[in-house]
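Participant: Here's the letter readout for the chains.
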Amino acid sequence: MAAVAETLDTVQSLTGSGYKWGFETDIEMDVAPKGLNEDTIRMISARKAEPEWLLAWRLKAYAAWLNMVEPDWAKVGYPKIDYQDIHYYAAPKKKPGPKSLDEVDPELLKTYAKLGIPLKEQALLAGVEPAEGDEPARNIAVDAVFDSVSVATTFRKSLYEAGVIFCPISEAVHDHPDLVRQYLGSVVPAGDNYFAALNSAVFTDGSFVFIPKGVRCPMELSTYFRINAKNTGQFERTLIIAEEGASVSYLEGCTAPQRDENQLHAAVVELVALDDATIKYSTVQNWYPGDANGKGGIYNFVTKRAACRGARSKVSWTQVETGSAITWKYPSCILQGEDSVGEFYSVALTNNRQQADTGTKMIHIGKGTRSTIVSKGISAGRSDNTYRGLVRILPKAHGARNFTQCDSLLIGDQCGAHTVPYIESRNATAQVEHEATTSKINDDQLFYCRQRGLSQEDAVGLIVNGFCKDVLKELPMEFAVEAQKLLAISLEGSVG
Amino acid sequence: MSAALRTGTESFLARFEGLRARLPGDLVARQAAAEAFRSAGLPTVRDEAWKYTSLRPLADNDFREALTSVEGGSLPKIPAIEGPRAVFVDGRLREDLSSLPDTLHFTRFANDPSFGTLSRPDQQPVVALNTMLAEDGAVISVAEGVDAGTLVLVSLAAETEGRSVTFHPRHTIRLAEGAKLTVVELSVGRGRYLHNPVFSIEVASDATLTHIRLQNEAMEAFHLATIYATVQSRGFYDAFTLTLGGQVSRAEFHARLVGPNATVHLNAAQLLGGKQVGDVTTVVVHDAPNCASRQTVKNVLTDKARGVFQGRIEVERIAQKTDGYQMSQALLLSPDAEIDCKPELQIYADDVKCSHGATIGELDDDQLFYLRARGIPEQEARSILIRAFLDDALQSVSHEGAHALLEQAIDGWWQRQSASAA
Numbered sequence: 014m015a016a017v018a019e020t021l022d023t024v025q026s027l028t029g030s031g032y033k034w035g036f037e038t039d040i041e042m043d044v045a046p047k048g049l050n051e052d053t054i055r056m057i058s059a060r061k062a063e064p065e066w067l068l069a070w071r072l073k074a075y076a077a078w079l080n081m082v083e084p085d086w087a088k089v090g091y092p093k094i095d096y097q098d099i100h101y102y103a104a105p106k107k108k109p110g111p112k113s114l115d116e117v118d119p120e121l122l123k124t125y126a127k128l129g130i131p132l133k134e135q136a137l138l139a140g141v142e143p144a145e146g147d148e149p150a151r152n153i154a155v156d157a158v159f160d161s162v163s164v165a166t167t168f169r170k171s172l173y174e175a176g177v178i179f180c181p182i183s184e185a186v187h188d189h190p191d192l193v194r195q196y197l198g199s200v201v202p203a204g205d206n207y208f209a210a211l212n213s214a215v216f217t218d219g220s221f222v223f224i225p226k227g228v229r230c231p232m233e234l235s236t237y238f239r240i241n242a243k244n245t246g247q248f249e250r251t252l253i254i255a256e257e258g259a260s261v262s263y264l265e266g267c268t269a270p271q272r273d274e275n276q277l278h279a280a281v282v283e284l285v286a287l288d289d290a291t292i293k294y295s296t297v298q299n300w301y302p303g304d305a306n307g308k309g310g311i312y313n314f315v316t317k318r319a320a321c322r323g324a325r326s327k328v329s330w331t332q333v334e335t336g337s338a339i340t341w342k343y344p345s346c347i348l349q350g351e352d353s354v355g356e357f358y359s360v361a362l363t364n365n366r367q368q369a370d371t372g373t374k375m376i377h378i379g380k381g382t383r384s385t386i387v388s389k390g391i392s393a394g395r396s397d398n399t400y401r402g403l404v405r406i407l408p409k410a411h412g413a414r415n416f417t418q419c420d421s422l423l424i425g426d427q428c429g430a431h432t433v434p435y436i437e438s439r440n441a442t443a444q445v446e447h448e449a450t451t452s453k454i455n456d457d458q459l460f461y462c463r464q465r466g467l468s469q470e471d472a473v474g475l476i477v478n479g480f481c482k483d484v485l486k487e488l489p490m491e492f493a494v495e496a497q498k499l500l501a502i503s504l505e506g507s508v509g
Numbered sequence: 167m168s169a170a171l172r173t174g175t176e177s178f179l180a181r182f183e184g185l186r187a188r189l190p191g192d193l194v195a196r197q198a199a200a201e202a203f204r205s206a207g208l209p210t211v212r213d214e215a216w217k218y219t220s221l222r223p224l225a226d227n228d229f230r231e232a233l234t235s236v237e238g239g240s241l242p243k244i245p246a247i248e249g250p251r252a253v254f255v256d257g258r259l260r261e262d263l264s265s266l267p268d269t270l271h272f273t274r275f276a277n278d279p280s281f282g283t284l285s286r287p288d289q290q291p292v293v294a295l296n297t298m299l300a301e302d303g304a305v306i307s308v309a310e311g312v313d314a315g316t317l318v319l320v321s322l323a324a325e326t327e328g329r330s331v332t333f334h335p336r337h338t339i340r341l342a343e344g345a346k347l348t349v350v351e352l353s354v355g356r357g358r359y360l361h362n363p364v365f366s367i368e369v370a371s372d373a374t375l376t377h378i379r380l381q382n383e384a385m386e387a388f389h390l391a392t393i394y395a396t397v398q399s400r401g402f403y404d405a406f407t408l409t410l411g412g413q414v415s416r417a418e419f420h421a422r423l424v425g426p427n428a429t430v431h432l433n434a435a436q437l438l439g440g441k442q443v444g445d446v447t448t449v450v451v452h453d454a455p456n457c458a459s460r461q462t463v464k465n466v467l468t469d470k471a472r473g474v475f476q477g478r479i480e481v482e483r484i485a486q487k488t489d490g491y492q493m494s495q496a497l498l499l500s501p502d503a504e505i506d507c508k509p510e511l512q513i514y515a516d517d518v519k520c521s522h523g524a525t526i527g528e529l530d531d532d533q534l535f536y537l538r539a540r541g542i543p544e545q546e547a548r549s550i551l552i553r554a555f556l557d558d559a560l561q562s563v564s565h566e567g568a569h570a571l572l573e574q575a576i577d578g579w580w581q582r583q584s585a586s587a588a
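Line by line, the protein sequences give chains G and X. For the first sequence, the working numbering begins at 14 and goes up steadily by one. For the second sequence, the working numbering begins at 167 and goes up steadily by one.
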């Protein structure tokens, strides 16, 4: 059994409530006063000792944000967010440079232990390489994000030797200012949309990955996001650049402690793929979804976009979304380079009062660009699940090709499943295909499983996993196991 | 709203002020519609429902001075089809050109001005525009159990020198239990005008209404049709629209299945060239169990034409055992043609079978080669393939006369295309 699954089981047995990852950690925090204004932004920028250009960029984004209206087109409903009632900065108080395990706050390590981060040993967090003769550590580098500041990065050195830069973006700003300046905001501009502008103004940390020309990243990269302090919106900013011929697989997983007040999460992820580069970005999102009555839960308003700038570049998004009270997320690909490829594989599961409005955009600009969209939506309880996607073929995209399949599964008669695809073609030589179905769990399949002695719940779990197989098989091994478990756990209580 | 659309809106409102004393019926309803239209204005591409169809070209016309009817203008020919007919010229009934059947009850809106209850006018500005300015229309009812045969409903727009005409016919069709009727609706015209019909259709239990629409307006014209249909238990509303004319046109259907086992078919085909924009928008609401809906929409687009299909299937919680199907296919025949397609499902019941599909592409090279290899000239081969492509939707039209008429119209379109290409 994979380490992930083991920790999952352990965690499951530790907590009695429906949400298996609901706990809080007491750590000394350095918190900014509530509210958003230029001073908050200046304060964040000063805390991070940022260069002048970045502060100017933040302020520009803030000015743009002030002139924007919160979007209301998504099929989600929530009480109005008071943006002045949020802490925009919270960082664990840092002793200078935790170089060994002993120096890392023990509370923090406990949190990781409870989280079940896919690390072989907690020690890796402090960058301690396993001793000779030990079972070799699995090749996953983790940049753990604890609220707003990345506390530790593992495998840094071995990655550095390969030429790969994998560090918190706040560090990249200091160590690789030219790269950050060149690419930051080049895919998702500061004023792109309401939540992206907000993020650009106040983002505190996130991951930065740079794979230089011709390098195949020697291991899977992974970041764990975790919202910890009360009332802190988390504004992650991730930037991944794959130069000519480079390739990387990046894993992102999320859990959050249980609490009552809704929390805002507005992250931005930018991917840049140059000629022949490949980026695979996988997400398992399991933030607190709120309780059965829809109280609490995370608002997940995320902008994720990839620019396939180079010829034959390829970006593949895979996501398993089971958490959050509200999900508003459309990982997209701008297929600019000739023969570039975009993929989107998604499972979105909603239960109780969850609302998910998610999908993708595939913008075909270059010749011979190809995209594949496979989306599986599962709604249970009283939830609403919407696929919203755009496939746009521009006039120069000769021979472009898209295939889209979105299927919805309804469990129970109090939930909703919606499909809103936009398909626009302005090139006659392009071929676009789209199909969508909505159905409930097949009675025959259920009967077959029950007859062979499976409980109703196990049978539904099995069928749902089969329904999602096309997507789950795209996930890296470690995540695939976790994802299957998550689906079953998330459906608990919806069958019967 | 852009300045042009605001000006367009104002010009329609001014027209209403000028006409109001002469308009038939309930002025209160018209005033309310005018208020709704004033606040909503002509829809813009920022309105989700009009995202792909801009009314800018319409708003650029000044309809303030528009004529309500023309005496002695030269009339286009009525397409050849047998059967009783009601002929409207510039939106007004011309009894001298009509021959009404005695199997149904027919009056004109001018004499029986009832607006009925249609969806909220502030959300449907084009319907509000109609309610504000409607002067005439057909009011048809078929009694219980009667098979009323076929009625041809013709709209002619007369040639008018340099002036814009706008007309907003308000049609009502009511079929009592077990009644049957086929309406063949033809729209043709000359010059630059706006034809803005609104249909209010009620199909009672076990009744069947077949509604075949041929929209062959003048190339400069605007055609904005909105059709509301309510279908009771085991009732059947079977609609087919062929769009050939108009610089900007839209056929917007709102069909509600309110009784168990009701069925609705909303099929359509659009053949567009030049800079035409043709829009088929459908909303099918399943509001009762065991109902079925079918939609097949075909677009054939050439030159710089743009085809739009927006289709939404809504399944309410009560509508278990719904069977909903929607297929949208487009052929792009030229490098500058464009198709925008938005097939939507909105589902709140779990025991349903709903699916939609969309395909977009050009003519298949292999198929073309197959025909060419057998000695068929390219133009003809292309024509054969396009006809085959359209056949899926067309075969749903079983009325012989109407089917022949549609075939003929498609032939005419293809000949014009071939001639301009040659």
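Note that these hints are calculated values from the structure, not bench results. Yeah, the Cβ is synthetic: ideal placement off N, Cα and C, and Gly gets one too. Please note: incorrect hints may appear among the correct ones.
Stated by the list, open to error - To give an idea of the interface, some chain X residues facing chain G are shown, with a C-beta separation under 10 Å as derived from the structure: (1) I244; (2) I247; (3) R478; (4) D516; (5) L529; (6) A570.
Said to hold, decoys possible - The calculated DMTMM-like cross-link candidates involving lysine to aspartate or glutamate, where the alpha carbons are at most 25 Å apart (straight line), are: (7) K374/G x D205/G; (8) K519/X x E470/G; (9) K374/G x E573/X; (10) K409/G x D502/X; (11) K409/G x D532/X; (12) K374/G x D502/X; (13) K346/X x D278/X; (14) K217/X x D85/G; (15) K487/X x E448/G; (16) K441/X x D577/X; (17) K441/X x D226/X; (18) K374/G x E448/G.
Participant: Are the hints correct? Go through all of them and say.
Facilitator: Here is what the structure says about each hint:
1. I244: Nearest chain G Cβ about 36 Å off; hint violated.
2. I247: Violated: closest Cβ of chain G sits about 34 Å from I247/X, beyond 10 Å.
3. R478: Hint on R478/X: holds, closest Cβ of chain G at ~9 Å, below 10 Å.
4. D516: D516/X check passes; min Cβ-Cβ to chain G is 4 Å, inside 10 Å.
5. L529: This hint holds: L529/X lies near chain G, its Cβ roughly 9 Å from the closest one there, short of 10 Å.
6. A570: violated, 31 Å
7. K374/G x D205/G: holds, 14 Å
8. K519/X x E470/G: holds, 23 Å
9. K374/G x E573/X: violated, 39 Å
10. K409/G x D502/X: Holds. K409/G to D502/X sits at ~10 Å (cutoff 25 Å).
11. K409/G x D532/X: holds, 23 Å
12. K374/G x D502/X: Since the Cα atoms of K374/G and D502/X sit roughly 22 Å apart, the hinted pair holds (cutoff 25 Å).
13. K346/X x D278/X: holds, 23 Å
14. K217/X x D85/G: Judged against 25 Å, a Cα distance of about 16 Å means the pair holds.
15. K487/X x E448/G: holds, 21 Å
16. K441/X x D577/X: holds, 20 Å
17. K441/X x D226/X: holds, 16 Å
18. K374/G x E448/G: holds, 16 Å
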